[in-house]
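Q: If you follow the hints, you should be able to join the two separate chains into one complex; please do so.
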Amino acid sequence: MVNGMADIPPKTRSISVSLYMAALLISALIFAAGVYLGQLLERQNLGSVSAQMDLANQKASSLELLYLVGDSPRYCPVYAEELLQIDKETEQAGYQLSYLEEKKGIFDNDLKKRYFMLESTAFLLSQKVREKCGANYSTVLYFYSIQDCGACKQQGTELLNLKKKLGDNVKIYSFDGEMGSAIVGALKADHSVSSYPSIVVDGNRTYSGLSTEKQVLDLIMAR
Amino acid sequence: MDLSFLEYAFSFVSLFMAVLVTLIFLKNLPAISSEAARRSGYTPYVTVLIPAFNESEYIAGTIESVLSLDYPKSKLEVMVLDDGSTDGTFEAASAFSKKGVRVLRKKNSGKADTMNQGIRLAKGELIASLDADSYVSPYSLRRMLIHFDSPDVAAVSSAVKIKDARNLVEEVQRMEYLYALFSRKVINYINAVQVTPGPFSVFRKDVLIKLGGFDKASLVEDQEIALRMQKNGYRINSSFDSDVYTEIPHTFSELLKQRTRWQRGGFWNSMKYLDMVHPRYGDLGLVVLPFCLFSYLAVIAGVMIFINNMLSPDPYQGLLTSGGLIIGPMHVLMAVWLLLALFWFYFGMKRMFGNERLTLPSYILYLLLYPVFTSIFWIAAAYAEIRTGGKFSW
Numbered sequence: 327m328v329n330g331m332a333d334i335p336p337k338t339r340s341i342s343v344s345l346y347m348a349a350l351l352i353s354a355l356i357f358a359a360g361v362y363l364g365q366l367l368e369r370q371n372l373g374s375v376s377a378q379m380d381l382a383n384q385k386a387s388s389l390e391l392l393y394l395v396g397d398s399p400r401y402c403p404v405y406a407e408e409l410l411q412i413d414k415e416t417e418q419a420g421y422q423l424s425y426l427e428e429k430k431g432i433f434d435n436d437l438k439k440r441y442f443m444l445e446s447t448a449f450l451l452s453q454k455v456r457e458k459c460g461a462n463y464s465t466v467l468y469f470y471s472i473q474d475c476g477a478c479k480q481q482g483t484e485l486l487n488l489k490k491k492l493g494d495n496v497k498i499y500s501f502d503g504e505m506g507s508a509i510v511g512a513l514k515a516d517h518s519v520s521s522y523p524s525i526v527v528d529g530n531r532t533y534s535g536l537s538t539e540k541q542v543l544d545l546i547m548a549r
Numbered sequence: 003m004d005l006s007f008l009e010y011a012f013s014f015v016s017l018f019m020a021v022l023v024t025l026i027f028l029k030n031l032p033a034i035s036s037e038a039a040r041r042s043g044y045t046p047y048v049t050v051l052i053p054a055f056n057e058s059e060y061i062a063g064t065i066e067s068v069l070s071l072d073y074p075k076s077k078l079e080v081m082v083l084d085d086g087s088t089d090g091t092f093e094a095a096s097a098f099s100k101k102g103v104r105v106l107r108k109k110n111s112g113k114a115d116t117m118n119q120g121i122r123l124a125k126g127e128l129i130a131s132l133d134a135d136s137y138v139s140p141y142s143l144r145r146m147l148i149h150f151d152s153p154d155v156a157a158v159s160s161a162v163k164i165k166d167a168r169n170l171v172e173e174v175q176r177m178e179y180l181y182a183l184f185s186r187k188v189i190n191y192i193n194a195v196q197v198t199p200g201p202f203s204v205f206r207k208d209v210l211i212k213l214g215g216f217d218k219a220s221l222v223e224d225q226e227i228a229l230r231m232q233k234n235g236y237r238i239n240s241s242f243d244s245d246v247y248t249e250i251p252h253t254f255s256e257l258l259k260q261r262t263r264w265q266r267g268g269f270w271n272s273m274k275y276l277d278m279v280h281p282r283y284g285d286l287g288l289v290v291l292p293f294c295l296f297s298y299l300a301v302i303a304g305v306m307i308f309i310n311n312m313l314s315p316d317p318y319q320g321l322l323t324s325g326g327l328i329i330g331p332m333h334v335l336m337a338v339w340l341l342l343a344l345f346w347f348y349f350g351m352k353r354m355f356g357n358e359r360l361t362l363p364s365y366i367l368y369l370l371l372y373p374v375f376t377s378i379f380w381i382a383a384a385y386a387e388i389r390t391g392g393k394f395s396w
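One line per chain: the protein sequences are A and B, in this order. Counting in this note's numbering, the first sequence runs from 327 upward without gaps. Counting in this note's numbering, the second sequence runs from 3 upward without gaps.
Chain B with its partners taken away, still in its complex shape (with noise of 0.2 Å):
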């Protein structure tokens, strides 16, 4: 079967939003450069809330980072809330108390769980949700702060980064993290951000409350919120220059089980707020969110190709020696696709992301291996979806 009509229709649309993250880039160039490093004079009530089951290996440095915060610290409240851990994570946590820690303990319910439990206790007028195997940097709370800069701002993510990548598998994912906070800035600038990560994000309580907190039976919790802030029309903003470092998988295997979650979650989350594809919600519903599903299907017209390819080889491999490639449309499209990407990455990433390591084969890595990967993903959780039938959803 001939398929390379598929190729060129997904080919242009990608051309189109890689054309549109420039132009949107280009527009707020001088916004981003101004935007940096720009410190807080708005201290409200924070509650820094660390759900923690099972780190006892990180969650003292996730406290003594959260402790050199640069923030008054009459105005800071730091509440670790121990998810029933069983490996000695709430002895670790409440090492702390004496430094003014609140430690608390309660049975096992989940991370959605525990955080609304937490929200309920917050004395923060803000709240900071950190993972308990992430460090914040001392400046990035007042780096965040100052974009709540208007009443229907509801959250502000941060820059989630990772310190040192000793292995491919870590690499790859350093690129991505910061690949993935270029794209949220830019996204933040036609107001489409969807996610608010989990390592840390801050919070206005009210909103959380009125929204009736995070959802238990989403397995990405933290693109649900932000989905559900959205759909309610708040505005999420994104902070580039906020480093906080979280801890990854270190081994490929370690990788496809947070990933084959994070991909059924997300699944079922643009299932779930599939309503929302609708200008009605603006550049979000028009753009964005159906982009996010025209990636579903580029992914399943991937494997189509693959499992084609694979059906009816073609008949002249291995035996066309001299001259074998021959360059033709689809190269030059992608070339045309990878000197944007390039743009970004010399224009972009490394004018944000000034004090990290960014080398042009790591990114041309992370360019080559990270379709590769997402494609195992989809196929683990396509495969999970269907040997549990579907269970974790709705």
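The shape of chain A in the complex, shown without the other chains (with noise of 0.2 Å):
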């Protein structure tokens, strides 16, 4: 058969502007709502990474304690136990923080230093029980700027792929060196470091410029 199209002429058809118009209100106001309600709940987050912080800190002024009371080697299991733990709840923060800030914009300068503070903390803790007690892992500072840092970016993912790697086997520490934090400020000045992005492997040997994942490896292995 032809594809002959019939002769009448397509009729004049009704268009539902009103029902368009509502609808078109309606969604918008929904979507509108939504997307404020879903950035609130997003920076519901920045509360529970404080959370988490404070429990770290806790974690770590009891360790300190313990550290004054009794400095002794047969303490060794337990400073290696609880620094475990305040290691992996500092990480976790901060990859939150890092997360909400890469992937949604969301951010707090105030938490942000206590999170280096933390941090900080954190490194020199583990400083002080390698000395006494000796360790089976590796540290990495690693020192970056959110300003005029083009490898920072790619830094920050090559040590993350390390992490994902060696696990427990590396502790990694990283710092925003221009967010005029004072302790980051010391601990820039011990490994002098003056540009970004530098990594610190085992607090004495600092590297300056993108280090790929794989020669932090060599290093941590040459040690």
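If you're looking for bench data, these hints aren't it; they were derived computationally from the structure. Check the hints yourself; a few may be wrong.
Stated by the list, open to error - Which chain B residues face chain A? A few, computed with CB under 10 Å, are given here:
1. PHE14
2. LEU17
3. ASP135
4. PRO331
5. VAL338
6. LEU340
7. LEU344
Bear in mind the structure is a predicted one, so any value in this text is a computation, not a measurement. For each residue, glycine too, the CB sits at the ideal point set by N, CA and C.
A: Okay, structure coming up:
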């Protein structure tokens, strides 16, 4: 059969204008409210990170106290166990903070400063415990800047991948070197950090510029 | 690459459509309630036309269901047109000759051409096309005829359903058919029905002839004819209480084969009738057809987002243990959409399909699995198009 079109012209059809207007208005309102509510919920996560950091801080204080009370090698298993907990919680808080900032654009500078304090505490404690008890893990200090640092994003990813491979065998402490935090300034001066990204492996060797996952791994292995 | 703006754009359009469907539904709620189970007193001469190709397994059941239709026997012609089957379909159908069924056979030429030949031979004023693997309920025809309530109604679609689901793939399809039936009814209220499903639909014969019959070049001729009718200013009505049960693919690979054909055919139909995306065609041209095109884009965007995530995986993946799930705007919007979908389920589908088993877990399962299934069908369809160089199309 031939596709012969019928000869009647298309009838004028109605358009439900008022229906569309109503639907547009309602969906725009729901959309705006939904996006707003969603962003509020996202911000809520900062609160839970803050709570998590309080917990880690408490543990750090109790470890410091323990250190003052019994400065003896027989406490080493307790130190190691406590330190592991502190590091884990600090790490999680850090991941969440960076995730929220990078993916959702949500951050709070006071919270970040508190986080760097916590990290510094955790790092210094781990140094002390290492001196006293020795250690079977490596530490990496990572200094970055959120301004004018093209390689920092990549450096962060390299270190995260390294962390995934090595797990508890490496502890990574990352600091925004330009935040004006006193303790971070002291750590920078201690390790002669002047540019970003820079990493310090096991507290004594500083490397500036992008270090790939493989390079950092080699540095750790060369220890 | 950050593709979150795509997610926002697509979720806004989906939300708009969901709200629109809800408003149309609410506006016509009284009509839906009063429409159910009305029996037409109008009894014109009807030809039930059954094109059959290798359906020996089901054809007897199909014919028996037609013979038990509540309709004056003097006004009903039953015609089986065997399209060169090689599995004894003709013989199985011929057993019903003595009950007055016209059984004819011809060389294989495809469903659309078989239908067109049948239309020329049919005596009825109305043609009820019935797939040879589908079963009509006795009340279906009369409940459909009541929708021929104006001379410009060229076709009425039936309530195509699935009898029993024996596995997950069948259960998802069963819910899909009910959901589609609900949507088709809602869309009927803005005169934008764009398919007259193959299993069972009733047409005015003179319109079919005037429009040149079914299109042999289309992979989904039951959608093509509906668009052509809409384009020529005819109405299509949809009935939701005229139960017709059809056989469906039992396994995922069978389903994939069927849907690859549907997606390809559907895509080329929308290309063929791209000029109908115009306010001249009312709500169909202004909203319903553009939304179909939008859904193609949504699939492409979905695949793009998926590939993007694969190429640049989230570095925090696997590191975030506590509080890993961050609830954001996209989750809230999805929850709103889900609430609307639940509203349709409890106040629409449950009301319209009271005789069907409608459980919430099945519905949720359908809502979750269907987008995944559709994406796979689309990829398969795109692959088939590329492999065959677009054959089977214009």
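Q: So, for every hint listed, does it hold in this structure?
A: Tested hints:
no., hint, in the structure
1, PHE14, "holds (5 Å)"
2, LEU17, "holds (5 Å)"
3, ASP135, "violated (25 Å)"
4, PRO331, "holds (3 Å)"
5, VAL338, "holds (6 Å)"
6, LEU340, "violated (12 Å)"
7, LEU344, "violated (15 Å)"
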